[in-house]
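Engineer: One line per chain: the protein sequences are A and B, in this order. Numbered per full-length UniProt numbering, the first sequence spans residues 1 to 395. Numbered per full-length UniProt numbering, the second sequence spans residues 1 to 257.
Derived by calculation from the structure, the hints in this document are not laboratory data. Heads up, a few of these hints could be off.
Only pairs whose alpha carbons sit at most 30 Å apart, straight line, appear in this in silico DSS-like list of lysine-lysine [said to hold, decoys possible]: (1) B:K34 - B:K251; (2) A:K103 - A:K44; (3) A:K43 - A:K10; (4) A:K295 - B:K140; (5) B:K182 - A:K108; (6) B:K75 - A:K168; (7) B:K161 - A:K10; (8) A:K10 - B:K167; (9) B:K66 - A:K295; (10) B:K140 - A:K10; (11) B:K256 - A:K295; (12) B:K167 - B:K89; (13) A:K295 - A:K74; (14) B:K182 - A:K154; (15) A:K74 - A:K10; (16) B:K66 - A:K265; (17) A:K168 - B:K69; (18) B:K89 - B:K66; (19) B:K75 - B:K114; (20) B:K108 - A:K10; (21) B:K256 - B:K12; (22) A:K168 - A:K154; (23) A:K295 - B:K108; (24) A:K295 - B:K112; (25) A:K295 - B:K114; (26) B:K69 - A:K295; (27) A:K256 - A:K369; (28) A:K33 - B:K161; (29) A:K325 - A:K214; (30) B:K161 - B:K12; (31) B:K69 - A:K265; (32) A:K339 - A:K265; (33) B:K251 - B:K222; (34) A:K168 - B:K34; (35) A:K256 - A:K214; (36) A:K339 - A:K74; (37) B:K75 - A:K295; (38) B:K111 - A:K295; (39) A:K168 - B:K66.
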Amino acid sequence: MKNSYHINEKGYYGEFGGAFVPEMLQPNLAELKEQYLEILQDKKFQEEFQDLLQHYVGRPTPLYYAKRLSEKYKTQIYLKREDLCHTGAHKINNTIGQTLLAKRLGKKRIIAETGAGQHGVATATVCALIGLPCVIYMGAIDMERQAPNVARMKMLGATIIAATSGSKTLKDATNEAIRDWIQNPSDTHYIIGSVVGPHPYPDLVARLQGVISKEIKVQLLKAEGKENPDYVIACVGGGSNAAGAFYHFLEEEKVKLIAVEAAGKGIDSGESAATSILGNIGIIHGSKTLLMQSKDGQITEPYSISAGLDYPGVGPLHAHLYQTKRADFMAITDDDAMKAGLQLSQLEGIIPAIETSHALAVLEQRKFKKEEVVVINLSGRGDKDLQTYIDYFNF
Amino acid sequence: MNRIQTRLQHNKKILSIYFTAGFPNLEDTVSIIKSLEENGVDMIEIGLPFSDPLADGPTIQSISTKALKNGMTTKILFEQLKDIRESVKIPLLIMGYFNPIFQYGVEKFCKKCKEIGIDGLIIPDLPLEVYEEEYHSIFKNYGLLNIFLITPQTSEVRIRKIDAISKGFIYMVSSASVTGGKNSFGKEQLHYFERIHNLKLKAPQIVGFGIRHQESFFQATKFANGAIIGSAFVNFLRENSIQQIDTFTRKFNSLKK
Ligand SMILES: Cc1ncc(COP(=O)(O)O)c(C=O)c1O
Numbered sequence: 001m002k003n004s005y006h007i008n009e010k011g012y013y014g015e016f017g018g019a020f021v022p023e024m025l026q027p028n029l030a031e032l033k034e035q036y037l038e039i040l041q042d043k044k045f046q047e048e049f050q051d052l053l054q055h056y057v058g059r060p061t062p063l064y065y066a067k068r069l070s071e072k073y074k075t076q077i078y079l080k081r082e083d084l085c086h087t088g089a090h091k092i093n094n095t096i097g098q099t100l101l102a103k104r105l106g107k108k109r110i111i112a113e114t115g116a117g118q119h120g121v122a123t124a125t126v127c128a129l130i131g132l133p134c135v136i137y138m139g140a141i142d143m144e145r146q147a148p149n150v151a152r153m154k155m156l157g158a159t160i161i162a163a164t165s166g167s168k169t170l171k172d173a174t175n176e177a178i179r180d181w182i183q184n185p186s187d188t189h190y191i192i193g194s195v196v197g198p199h200p201y202p203d204l205v206a207r208l209q210g211v212i213s214k215e216i217k218v219q220l221l222k223a224e225g226k227e228n229p230d231y232v233i234a235c236v237g238g239g240s241n242a243a244g245a246f247y248h249f250l251e252e253e254k255v256k257l258i259a260v261e262a263a264g265k266g267i268d269s270g271e272s273a274a275t276s277i278l279g280n281i282g283i284i285h286g287s288k289t290l291l292m293q294s295k296d297g298q299i300t301e302p303y304s305i306s307a308g309l310d311y312p313g314v315g316p317l318h319a320h321l322y323q324t325k326r327a328d329f330m331a332i333t334d335d336d337a338m339k340a341g342l343q344l345s346q347l348e349g350i351i352p353a354i355e356t357s358h359a360l361a362v363l364e365q366r367k368f369k370k371e372e373v374v375v376i377n378l379s380g381r382g383d384k385d386l387q388t389y390i391d392y393f394n395f
Numbered sequence: 001m002n003r004i005q006t007r008l009q010h011n012k013k014i015l016s017i018y019f020t021a022g023f024p025n026l027e028d029t030v031s032i033i034k035s036l037e038e039n040g041v042d043m044i045e046i047g048l049p050f051s052d053p054l055a056d057g058p059t060i061q062s063i064s065t066k067a068l069k070n071g072m073t074t075k076i077l078f079e080q081l082k083d084i085r086e087s088v089k090i091p092l093l094i095m096g097y098f099n100p101i102f103q104y105g106v107e108k109f110c111k112k113c114k115e116i117g118i119d120g121l122i123i124p125d126l127p128l129e130v131y132e133e134e135y136h137s138i139f140k141n142y143g144l145l146n147i148f149l150i151t152p153q154t155s156e157v158r159i160r161k162i163d164a165i166s167k168g169f170i171y172m173v174s175s176a177s178v179t180g181g182k183n184s185f186g187k188e189q190l191h192y193f194e195r196i197h198n199l200k201l202k203a204p205q206i207v208g209f210g211i212r213h214q215e216s217f218f219q220a221t222k223f224a225n226g227a228i229i230g231s232a233f234v235n236f237l238r239e240n241s242i243q244q245i246d247t248f249t250r251k252f253n254s255l256k257k
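Generate the whole structure from the sequences, applying the supplied hints.
Structural biologist: Below is the structure:
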């Protein structure tokens, strides 16, 4: 039987997915599940969504032929410029869609979790735009590490609540956001920041990010006379930019997909975030998927130099792509990513987010043929990471 | 008949206590259980600590973190409970999140529970539909009752479905809340308690979340068959010794009729 890469009627990709949530969340998720497809397909919704993507976010983002990078690696490299989205990353594609959805569901308040602060900023931005109160949960440790983004969110009018439980990072911020939702079941919409969490979130977020691959097809047809590249490469934290970049190629088995996780200080170093390699199947944030855990099933704390990649799980779609081998999973270390980020800056004049640098590092490790077309999803820009780059390279 | 069912046949209001295994000290599990039974508690929920307890408020979160730091694991808990039925007669349940149980192996976990004499399980993040489809027959084979939650937001259709499959009791979550809520029960809760009572469900109902003093225990048990105290008891253990448990249970025992 041919593999399907979309959810089945129960919300699973193969054996991954579902909604393992306490009964308190059952009505919220049931409401979302019943309505999200209808709303997403509604003509009025689409008009409003597309209008904002075009005039507010700045879409379509360019598909840029990276000439010097292509020369260096002797292949045809295109960069999908999600870094040029308003707020500097793909995250806003999702927050615009979900905020419009929340409005149609009659919700009066938005909550979200954030790790590096990119999703938090994208949520706070759209809430300011639409005029909805916004509460962002962020791990106390991340608030220290990502102070500029905390300031941005505050300036945009969001309330930031420090998650002080557990390890005080992204997974705990997600727990706190879910607890908020439990306590505010009727008036609040929770905008999850990646293709993670209980059904229908992984599908909802993948559809909203799907605009990335939809545009790639159109742009590549123009540039190369064909819709399909040979490779699509994207980094994976929870997996939303990768899901978006892969989405319209999932069924095109000739398009090879490379998902890049953060190896941190090395797969076997004990300080890593390479979930698919180091994890095994379990439940995290309401989803049955691959996650990093102890043998007793306690969720462990991942590590990566990039705050956006150190999530101990991975979206159920990616777990399925890993298991079915539809995508190739690679793990890139801090050092290799940092080198690739510096190289892109100096060859193409683009400073990438460190998350994205992981995807770029694949060029050093994989050989591509001269005529092959390789699309790398440039998920975000590096402004937020400047301090980390400075500290690392001693600029 | 399962001990939970036997216990609930009596008309008295049930006092059920939750504690997190591994706190205050790793080895306290058995002495806490024995002391609770000696002090008139009718049923006990033994909490298996989890790193990411989604349905719990700050108290149980931080106690779970401590219990894990103290070294509690599923294996150690089972080892500690091995001979518990030599002395303890009241119903014992394990309350835990699904991931640690899933990692242990659901069938192996249920088998172990039966060997020990555990009567039921409360797994807040194991949804009804998944339970029915994948695990019901395993639970049944090992004589374990699965306890489902309902909340003020649960629809009547769903409550009836849960009632039909519930063999022990229904865990009525008192409000839209995580554990350890600080508010007193207002009109809204009292109305909810009465509304559920009027549904004339087949399964008895026990109220939990936010029960912490005589008043809330009294309100919760006005219509329901009992109440579960968790965070308030765990907080008590932070400041008092196991020998003092009678000072905690006394005030609630006096309200059981
Ligand atoms: C620029 C950028 N890329 C990638 C990620 C990782 O998230 P995801 O895997 O959901 O795309 C983040 C997360 O913060 C990010 O900011």
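Engineer: Next step is simple, just say for each hint if it's right about the structure.
Structural biologist: Now for the hints, and whether the structure bears them out:
no. : hint            : verdict
1   : B:K34 - B:K251  : holds (19 Å)
2   : A:K103 - A:K44  : holds (13 Å)
3   : A:K43 - A:K10   : holds (26 Å)
4   : A:K295 - B:K140 : holds (27 Å)
5   : B:K182 - A:K108 : holds (25 Å)
6   : B:K75 - A:K168  : holds (27 Å)
7   : B:K161 - A:K10  : holds (19 Å)
8   : A:K10 - B:K167  : holds (26 Å)
9   : B:K66 - A:K295  : holds (18 Å)
10  : B:K140 - A:K10  : holds (24 Å)
11  : B:K256 - A:K295 : violated (42 Å)
12  : B:K167 - B:K89  : holds (20 Å)
13  : A:K295 - A:K74  : violated (44 Å)
14  : B:K182 - A:K154 : holds (29 Å)
15  : A:K74 - A:K10   : violated (45 Å)
16  : B:K66 - A:K265  : holds (28 Å)
17  : A:K168 - B:K69  : holds (16 Å)
18  : B:K89 - B:K66   : holds (29 Å)
19  : B:K75 - B:K114  : holds (15 Å)
20  : B:K108 - A:K10  : holds (26 Å)
21  : B:K256 - B:K12  : holds (6 Å)
22  : A:K168 - A:K154 : holds (20 Å)
23  : A:K295 - B:K108 : holds (15 Å)
24  : A:K295 - B:K112 : holds (18 Å)
25  : A:K295 - B:K114 : holds (23 Å)
26  : B:K69 - A:K295  : holds (15 Å)
27  : A:K256 - A:K369 : holds (13 Å)
28  : A:K33 - B:K161  : holds (20 Å)
29  : A:K325 - A:K214 : holds (23 Å)
30  : B:K161 - B:K12  : holds (26 Å)
31  : B:K69 - A:K265  : holds (25 Å)
32  : A:K339 - A:K265 : holds (14 Å)
33  : B:K251 - B:K222 : holds (16 Å)
34  : A:K168 - B:K34  : violated (36 Å)
35  : A:K256 - A:K214 : holds (16 Å)
36  : A:K339 - A:K74  : holds (19 Å)
37  : B:K75 - A:K295  : holds (11 Å)
38  : B:K111 - A:K295 : holds (19 Å)
39  : A:K168 - B:K66  : holds (15 Å)
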